[in-house]
Amino acid sequence: MTKKITLPLTDEIIADLNAGDSVLITGAMITGRDAAHKRLFELIEQGKNLPVDINGEVIYYVGPAPAKPGHAVGPAGPTSSYRMDKYTPALLERGLKGMIGKGARSNEVIESMIKNGAVYFAAIGGAAALISKSIKKIEILAYEDLGTEAIYRFYVEDFPAIVAIDSKGNNILSKG
Amino acid sequence: MEIRKIDAYKITETVKKLYTDMNYFIGDDIINALKNAESSETGLIGKNVISQLIENNRIAAEEEVPICQDTGMAVLFVEYGERVVIENGSFEDAVQEGVRRAYIDGYLRKSVVDDPIFDRINTKDNTPAIIYTSIVPGDRIKILAGCKGFGSENMSAVKMLTPSAGIDGVKEFILDTVRYAGPNPCPPIVVGIGIGGTFEKAAMLAKKATLRPIDTSNPDSRYAALENELLLEINKMGFGPAGLGGNNTALGLNIEYFPTHIAGMPVAVNICCHAARHKEAVI
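Going line by line, the protein sequences match chains A and B. The first sequence lines up with residues 161 to 336 when you count with the working numbering. The second sequence lines up with residues 665 to 947 when you count with the working numbering.
Careful: at least some of the hints might be erroneous.
[What the hints assert, rightly or not] Derived DSSO-like pairs: lysine-lysine, alpha-carbon spacing no greater than 30 Å straight-line:
#1 B:Lys699 x A:Lys163
#2 B:Lys674 x B:Lys900
#3 B:Lys872 x B:Lys674
#4 A:Lys198 x A:Lys297
#5 A:Lys198 x B:Lys788
#6 B:Lys865 x A:Lys246
#7 A:Lys164 x A:Lys328
#8 B:Lys774 x A:Lys198
#9 B:Lys806 x B:Lys872
#10 A:Lys208 x A:Lys163
#11 A:Lys297 x B:Lys806
#12 B:Lys774 x A:Lys296
#13 B:Lys699 x B:Lys674
#14 B:Lys943 x B:Lys788
#15 A:Lys164 x A:Lys275
#16 A:Lys198 x A:Lys328
#17 A:Lys164 x A:Lys296
#18 A:Lys328 x B:Lys711
#19 A:Lys297 x B:Lys774
#20 B:Lys711 x A:Lys163
#21 A:Lys228 x B:Lys699
#22 B:Lys699 x B:Lys711
#23 A:Lys296 x B:Lys806
#24 B:Lys674 x B:Lys806
#25 A:Lys228 x B:Lys943
#26 A:Lys246 x B:Lys823
#27 B:Lys674 x A:Lys228
#28 B:Lys865 x A:Lys296
#29 B:Lys774 x A:Lys246
#30 B:Lys900 x A:Lys328
#31 A:Lys228 x B:Lys774
#32 A:Lys164 x B:Lys711
#33 B:Lys900 x A:Lys228
#34 A:Lys228 x B:Lys681
#35 B:Lys699 x A:Lys164
#36 A:Lys246 x A:Lys228
#37 A:Lys163 x A:Lys297
Source of the hints: derived by calculation from the structure; they are not laboratory data. Here the structure is a predicted model, which is why all the values come from computation and not from measurement.
Using the sequences and the accompanying hints, generate a full structural model.
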């Protein structure tokens, strides 16, 4: 069964999501990957304000391809999440509620997710053209100089994902 | 000796088309392997993931957009006929320009930074491409081009095994590398293996193995049998499509080998995602 969920994620929605659930996400999310995470993390370490308020947000780990004329966005599938692991607990402490990526997370991230009541969704790696159909509008929020790695606002409708790790720490990513 | 003149523009146009085409249109070998995986997949989520990948590849081809947003770093293996002379430019510049034009005009993502440690500033045109050239007899230029995404590239490894490790040591290293990669490299994966040569030769062979269609086998039956055996072992690991469980962790596994030193048995494992993009042209 597929659950339809709307952003922002409330504590009630998060509590109702279990590892293995297929979801269709509608609403506004932010994006960010390696370079943006490094910058956000450094600002947090210095005790400074962030250029984007991440409290209550869901972040999608993505660096989209350029949009063809007439398209809202180019292909935009998930990138590997583990590269963000070093920075993620600090963002969760600042109120980040969800992450969308692909692949495994570290134990530190999972512990921080349980502590802060957050959820990790897996999108399908390499399904970039398909996923981009659910992204209706994008705008740049910060770090425009990073190009594809900038922080964008994505407005999505029925964005397909799977709850990979829920807020209780249940994890369906196969250990092989 | 008769020379053949080729205009640099012809090289640029050829390379540009190779790169846009490989990014929009996945090969028939992958299409067929995904169809087989869809019917053989036992995991419910896994089966659904494969269906979505098939649909994704159809959309990409129909709309002429990239299959994956990571349109990779460009790698080319060139066999350059020694009787060819390039007119109106240099070969190297012509290839780089072809990559540049493909990534800019073809709406492909620019994913290359200028230096690996300090500045990491995007070059904004996906150059430089990495070009391996060998000079061969004849008056043709053969270009085998690939683009390599880094989700899977990061999961690759080289090990300098020694002869006493034997075939069991080779298998163990390959399977350990794939197991360590787990759900990260966008399974179902394509595995390229290079065995022999020197440290860098093994890695180049592994890269080249990822550019060989997966419905082909190594011409040496012993290596072909090893390809089949390793593929079966990988698919018993259970990672499955997108790492969400299932019996299709790899679509194919190709081995390339080369003579090596009496003291050595280098093995390289280059992991590639299901979007194994490559294309060939002869000028």
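> Among the hints numbered above, which are violated by the structure, and what are their numbers in rising order?
Replying inline: 2, 6, 10, 11, 13, 23, 28, 33 and 36
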